[in-house]
Amino acid sequence: MALGSPANGAAPAQPKAGRHRESTLYQALAGAGAGDGRTLAQLREAALRAFESSELPVWRRSGFWTTSLETIDLDALQTGAGPEASGGERAAVPDVVSRTLPDRARAGRLVQNVNTVVEVELDPTLAERGVILCSLQDAFRDHLDLVSPWYSKRLTIDRHKLEAANAAFWSAGAFLYVPPGVVVEDPFEIVYAIDRPGVAQYARTLVIGAPTSEFRVHEYDLAEDFDSEPDGKRQALHAGAFELYLQDGARCRLAQVQDWGSGEVFDVSSRFVGVGRDAYCHWLPALLGGHLVRQHLELAVSEPGGDMAFRGIFFAEEHEHLDVFAVDLHETGPSGGDVHWRGAASGESRASFEGLIEIDPGAQQTHTYLQIHSMMLSPKARIDAIPSVLVSSDDVSASHGGTVGELDEAAIFYMQTRGLDRPAAVRIIVEGFFEPLVAELQDEALEEVVRKKVAGKLAAAREDIEAYATSR
Amino acid sequence: MADLEIKDLHVRTEDREILRGVDLEINRGEIHALMGPNGSGKSTLANTLLGHPAYEITEGSITFKGEDITGAEPHERAKAGLFLAFQYPVSIPGVSVANFLRMAINAKREDPIQVKEFRTQLQHAVELLDVDRAFTSRHLNDGFSGGEKKRAEILQMAMLAPDVAILDETDSGLDIDALRTVAEGVQRLHDEQGLGALIITHYQRILHYVKPEFVHILMDGRIVLEGGVELVERLEREGYDQIRQEVGAGPTGALASGDGSV
Ligand SMILES: Nc1ncnc2c1ncn2[C@@H]1O[C@H](COP(=O)(O)OP(=O)(O)OP(=O)(O)O)[C@@H](O)[C@H]1O
Ligand SMILES: [Mg+2]
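Residue numbers (the numbering used here), protein chains in the order written: chain A, 2 to 473; chain B, 325 to 586.
One-sided and incomplete, this derived list gives chain B residues near chain A with beta-carbon spacing under 8 Å:
| hint | residue |
| --- | --- |
| 1 | Leu374 |
| 2 | His376 |
| 3 | Pro398 |
| 4 | Phe410 |
| 5 | Pro413 |
| 6 | Gly418 |
| 7 | Met427 |
| 8 | Ala428 |
| 9 | Ala431 |
| 10 | Lys432 |
| 11 | Gln480 |
| 12 | Leu484 |
The list that follows gives simulated cross-link-like pairs (lysine-lysine, DSBU-like), each with its CA atoms no further than 35 Å apart:
| hint | chain 1 | residue 1 | chain 2 | residue 2 |
| --- | --- | --- | --- | --- |
| 13 | A | Lys381 | B | Lys432 |
| 14 | A | Lys453 | B | Lys473 |
| 15 | B | Lys473 | A | Lys454 |
| 16 | A | Lys453 | B | Lys432 |
| 17 | B | Lys403 | A | Lys453 |
Sample of chain B residues at the chain A side, in silico, Cβ under 8 Å:
| hint | residue |
| --- | --- |
| 18 | Lys403 |
| 19 | Val414 |
| 20 | Pro417 |
Just so you know, the hints here were simulated from the structure itself, not pulled from any lab data.
By construction, the Cβ of each residue, glycine as well, lies at the ideal position given by its N, Cα and C atoms.
Based on the provided sequences and hints, a complete structural model is requested.
See the structure below:
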């Protein structure tokens, strides 16, 4: 069966490659959807050709930042995939997963370690009602009719070498389907874990919310610390592709907790969330660590009446490099959007955030707002935030704002005079800085995970923050 | 030896010397008033006593309960029992008054305070300051009116039960009812807990409700005149100019206390 012939839901995407200056400038905006009628095998083959003919990508915003993968040794990384891996000792759920995930009620859980799915668990009453949670690989075998209209519908396969690698080599993956009208309170957890260095993980997620379904998805991206490995042997790659499609009136709260630990993990991922007619998505990635992370995130309101809240938290530390490109895309109106990100950086880390509001021709009566607030915790850390707006309709409102801050010394002194030491005061300020977004997760267990990670990073940056104070 | 002893304190900021030899002694259970024209260095003294990093002590010492705290960290001074009610309290977004107070109280203790005990204490303080209980779930000073901020300062003081508190113009920005509530609160903490206080003010009115035994006048970085409540009345009558002339204080004037510094 051919892929990309939509059975229902959103109309086929118009090719968009090269339409904007930015797309040629640094290959940022989405190209044509890959799901244009080709079979999975054909897409894999096209992706393989793109992989072989392209160089490792570089993202550049001149005068601000360059994200380059020149230090990754791609040839040295194994995929560790295949059936032989699934039976062996690697088939266990890695420790980092049990250490990090909250002990809580869940609708289902899928864990992929490196390139093997090591656990799939789904509430049986949900399975009876038609909910599907399985590896994407199995979904292609068992649910081709559900998968094919959507697989890679809006993701590209050839913008750069790692995107192509993902499309060509992914083997396990995750597939979640929530049938029409099914409302699920507890979250579906999708976990990508890397338990050892020297591997390349290709993560491929497809989530479909059928009309008027309501559910939560929590993705976790985690790695062990690889602390015992010698320098030069601590590399791993996560190349991810994630797509979520919400059909008419569907509602989803999507959150992602990413922390690749202290190993040298590269994460280059593309994510697309499509919001259909009168559908709603609240999306909050919490990007909390990785040696080099490049995330291309797009939240698109594709049909009239769609609404979304696009939130994000990031915290870069030590020598980490984070590059986020977040697009708030309105393809039709009336539609609403609200983008709000908050990030901090300590150590000698670099974080760059580019937020783009894009309103297509015909997306009349769209109202959207983008704000990005950042906080520097060390003199050698750097955060660049660039909001931009591309509007091709007239009856719309789109604006942006934000703040760049350092620690408020007056607030620190104030708290010290109440008996709190400096690290405690800093923690209160930074936690208070993230709190408005953390509280929006509206899920106590998940909020605690994020708060704990933020607190851990602050504790780790303690000396750094101390030195910052005395240097000023 | 007095509980809080300030000896020949010289303080400067990056660009100039602000305090030029201040001597002051305050004991638990004593109420002092500190008055002086704008810019004379009152807030500088208050901030320096709590260890604000912008102020450098070039000479002199601060001793508290027998310990030299001249170079101590601000939080150590607070834990030792000093408190500052700020002239301009800053806002701390993202943390409620109650949570903040719990953290501050716990910072002083070995074991965290029991929920019940904390609630009782908070209830007491809330009644003392005549604020709504809901007030304590608001983010600290975030969007507070001027009067609310000042009440929040004294509420914290009541909860943290210091030995000596410095109140930097806590009375300004308060309407007459709020002023009475706040001042009576201070007086009660003095009567019931033996609080010692240094009340920095420009006005006589707060001193109708809290009775100082000692009044000090600060001009150009020095204490130029000391006495009892009668000084306050004299000040209101005559103004600072008269006193300035009398004591010969000026930007380059001689000192009342007389220790000739350069
Ligand atoms: N951090 C600082 N940096 C530079 N100058 C300062 C600083 N703090 C105070 N000053 C200066 O020191 C002098 C004394 O200021 P201070 O705030 O102590 O006066 P004050 O007596 O409290 O006045 P007011 O009655 O207006 O509150 C002023 O000239 C002020 O501008
Ligand atoms: Mg002052």
